[in-house]
Every structure is written in structure tokens, then in C-alpha cells.
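S.K.: Kindly produce the complete structure, drawing on both the sequences and the hints.
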Amino acid sequence: GDSVIQMQGQVTLSENDFLFINCTYSTTGYPTLFWYVQYSGEGPQLLLQVTTANNKGSSRGFEATYDKGTTSFHLQKTSVQEIDSAVYYCAMSDTNAYKVIFGKGTHLHVLP
Amino acid sequence: GGIITQTPKFLIGQEGQKLTLKCQQNFNHDTMYWYRQDSGKGLRLIYYSITENDLQKGDLSEGYDASREKKSSFSLTVTSAQKNEMAVFLCASRDWGGGQDTQYFGPGTRLLVL
Numbered sequence: 001g002d003s004v005i006q007m008q009g010q011v012t013l014s015e016n017d018f019l020f021i022n023c024t025y026s027t028t029g030y031p032t033l034f035w036y037v038q039y040s041g042e043g044p045q046l047l048l049q050v051t052t053a054n055n056k057g058s059s060r061g062f063e064a065t066y067d068k069g070t071t072s073f074h075l076q077k078t079s080v081q082e083i084d085s086a087v088y089y090c091a092m093s094d095t096n097a098y099k100v101i102f103g104k105g106t107h108l109h110v111l112p
Numbered sequence: 001g002g003i004i005t006q007t008p009k010f011l012i013g014q015e016g017q018k019l020t021l022k023c024q025q026n027f028n029h030d031t032m033y034w035y036r037q038d039s040g041k042g043l044r045l046i047y048y049s050i051t052e053n054d055l056q057k058g059d060l061s062e063g064y065d066a067s068r069e070k071k072s073s074f075s076l077t078v079t080s081a082q083k084n085e086m087a088v089f090l091c092a093s094r095d096w097g098g099g100q101d102t103q104y105f106g107p108g109t110r111l112l113v114l
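From first to last, the protein sequence lines are chains A and B.
Per the numbering used here, the very first residue in the first sequence carries number 1; after that it's consecutive.
Per the numbering used here, the very first residue in the second sequence carries number 1; after that it's consecutive.
The reader is advised that the hints may include incorrect statements.
What the hints assert, rightly or not - Once the Cα atoms are required to be at most 25 Å apart in a straight line, the calculated SDA-like pairs of lysine to any residue come out as:
id, chain 1, residue 1, chain 2, residue 2
1, A, K99, B, S67
2, A, K99, B, P107
3, B, K41, A, N16
4, B, K41, A, T27
5, B, K71, B, T5
6, B, K9, A, S40
7, A, K99, B, T31
8, A, K68, B, G97
9, A, K99, B, Q17
10, B, K57, A, A97
11, A, K104, B, Q14
12, B, K41, A, V87
13, A, K104, B, L111
14, A, K99, B, T20
15, B, K41, A, D94
16, B, K57, A, T27
I should point out that these hints are in silico values taken from the structure, not numbers from a laboratory.
M.R.: Rendered as C-alpha cells:
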């Protein structure tokens, strides 16, 4: 069945470090891919999405490229700040377009 | 802009108790969702509703019932609370069509079963 894999449960960086969070997906179709961010005490909110293979999404300095060849949608940011500390979820909707499947989340902690 | 409201914010129950969580949205979205969030397990889909009076089971529906009597509201019932259960339940509505596809989440209901 469809699945989304985020292996990194926790990432700790210092301010201005480069961020890279792995996300791979498995599906037989043509998914829409998302990154959601959840700040402490709040619900998740959409960070970026890409609907077309080999396209890039970007928002607030974050980027992710939908790579159909490697079935990946990694999230990256050149220079993280302390305010970026949050949980980041990779997600996908596909075979059943109404269902959105989330990865397990990556808790990013940025040290000042 | 719109908002998703979840009540109650905190819910403490007893083992075996039936517990109901409520969600309201004023976006006028057709599709709504209930997810369970556990540490280290991400968001797992319990129920979703494509439109008013529609209910669809997600991957984690056993032990839960849902109700969507109005477009703006979506309720979730824990049919028999499990001892020491602790989780956050998140409600969302979805805006999609015309190139837009976004789920809007509420702040969550935190459940603790004694």
C-alpha cells in the first residue's frame, strides 16, 4: 500500500546550519506531496506542496523537490533559525485522493 | 480566514468510558478528518468524511465512531477508553480544487485515561 517514510526522528542543529530532512514515498500512482510543520501547542500547518513530478516547492526559505525517479521529497533549508524549531511531517495523497498519509515526523531543535 | 475549533482542549476519562470529541469549522469545506497523534508515530487517520452525512474509515478506526450531521461539524467518539491511554486527537478540514490542496488543523484535544 501507499506509505511515507521519515527515518529521522530528531535533528539538532545550531543557528545558520544547513537542514536536510529525508522523506521517501511508496505508491503506484502520481501523488501530491506535502510538508507540514507543527509548532509547540498548535496543530500542523501546510509548509509547502508539489503536485507535479520534478517540480520544486518553496516557502519561508524551505525547499523540496518532487523526485519521481528516486521517489523522494526531501526538505532542506540553507540556514535554520531558532524559530524553525518544530516537528516537520512529510505527507502524500494518492491512490485514494481523499486520504492523506503522514510520515512519523522529524523533531527539529535549533540551538541559539 | 476561517478557524477549526476543537472541544474540549483536555479530556480526562476513566477506563471503559465512552468519550466524545467535537470539531467545528467555518471554512465551509466539504471534507473533514480525524487523526490520532502519538509520539514517534506521526498522524494516523481514524475517520474522514467527504461531505455532510458521509463517513469513511481510516486505518485506525477500530474502537472509534464518528458523526457528521452538519457540514460544519465532525464528532469523534472513543467507544471504550483504554487505561493509561494518552494521545492527541487532531481534526482537520481540507480545501482542495483549483490547484489548491491544504488541510487546516485544529489545536487538538489531549486525552488522558486514568
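S.K.: Broken hints, numbered, in rising order?
M.R.: 3, 9 and 11
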